[in-house]
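Visitor: Sequence:
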Amino acid sequence: MKKLLMALLFTPVIALASGASVHLDKAPDVQGDKAALQSGARTFVNYCLNCHGTSFVRYNRLTDLGLTEQQVKENLMFTAVKTGETMRIAARPDEQKVWFGAAPPDLSLVARARASEDGSGADWLYTYLRSFYMDENRPTGWNNTLFANVGMPHVLWQLQGQQVLNKEQHLELAIPGTLTPAEYDKQIGDLVGFLVWLAEPDAGFRRKIGFGVLAFLVVLFAFAYPLKKAYWKDVK
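What the sequence shown shows, in mature numbering (1 follows the signal peptide of the UniProt record, and there is no 0), is residues -17 to -1, 1 to 219, in sequence order.
Simulated from the structure, these hints should not be mistaken for lab results.
From the three backbone atoms N, C-alpha and C, an ideal C-beta is built for every residue, glycine too.
Please note that a few of the clues may not be correct.
Pair ranges (Cβ atoms, derived) [what the hints assert, rightly or not]:
| id | residue 1 | residue 2 | range |
| --- | --- | --- | --- |
| 1 | 84 | 200 | 36 to 42 Å |
| 2 | 190 | 80 | 37 to 43 Å |
| 3 | 183 | 68 | 28 to 34 Å |
| 4 | 161 | 4 | 30 to 36 Å |
Calculated cross-link-like contacts (lysine-lysine; reagent style DSSO-like; alpha-carbon spacing at most 30 Å) [to be verified]:
| id | residue 1 | residue 2 |
| --- | --- | --- |
| 5 | 216 | 191 |
| 6 | 56 | 17 |
| 7 | 191 | 169 |
| 8 | 65 | 80 |
| 9 | 169 | 9 |
| 10 | 150 | 17 |
| 11 | 9 | 150 |
| 12 | 211 | 9 |
Based on the sequences and whatever the hints tell you, model everything.
Guide: Have a look at this one:
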């Protein structure tokens, strides 16, 4: 019985260790950079929101990025009327299932859901969005080195250009896009940063509260420890 319990206890660890690890590029941290997050929001609504919704976030939360409600209405709202509405898509899930074979997932929490022992969810997204290549054997004409046989087409191909796999099975830019590789990486970094922000818009405030609580505990300890010594000084 003891051996059985030990086996059950360590099974998840063994399974985790046996999984094939993948290389993930480090995503830039743009949290706190409102200009970068605004850039990511613009890319998201223009290229991603056509298929992927973020049903847990409302448009008026974008004002936290330094935008006014009027700017949000004029530049970022294409499928809603009021800023209090969630960032939904116009297409219905049953229609998308017919078009793509499966409804594209909601991206509200994708930056957290994709985290693994290989890296953060931001690292996964950053690597994924830079790893598409042309593949004539796929229905969409695109494949991905990180997510093999993915059903999603490369919606950002005009920006990045068209990549191919060379003889060494490495990605190679065959046809340049409208952006240079450095500019494309910067835009993807901003987009991923926005997705990270979407997953927890109050993360910055939560960290500030956390540091405040730790500072309070340090001050409290400075008073509590001498008081404790005074109370227990006569106890042998």
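Visitor: Hints first: check each against the structure and report whether it holds.
Guide: Evaluation of the provided hints:
1. 84 / 200: 36 to 42 Å: violated, 53 Å
2. 190 / 80: 37 to 43 Å: About 39 Å separates the Cβ atoms of residue 190 and residue 80, which means 37 to 43 Å holds.
3. 183 / 68: 28 to 34 Å: violated, 20 Å
4. 161 / 4: 30 to 36 Å: Distance hint for residue 161, residue 4 holds at roughly 34 Å.
5. 216 / 191: violated, 38 Å
6. 56 / 17: The given pair, whose Cα atoms are some 18 Å apart, holds under the 30 Å limit.
7. 191 / 169: Holds, at about 27 Å.
8. 65 / 80: holds, 28 Å
9. 169 / 9: holds, 12 Å
10. 150 / 17: This hinted pair is violated, its Cα atoms lying about 41 Å apart.
11. 9 / 150: holds, 26 Å
12. 211 / 9: violated, 47 Å
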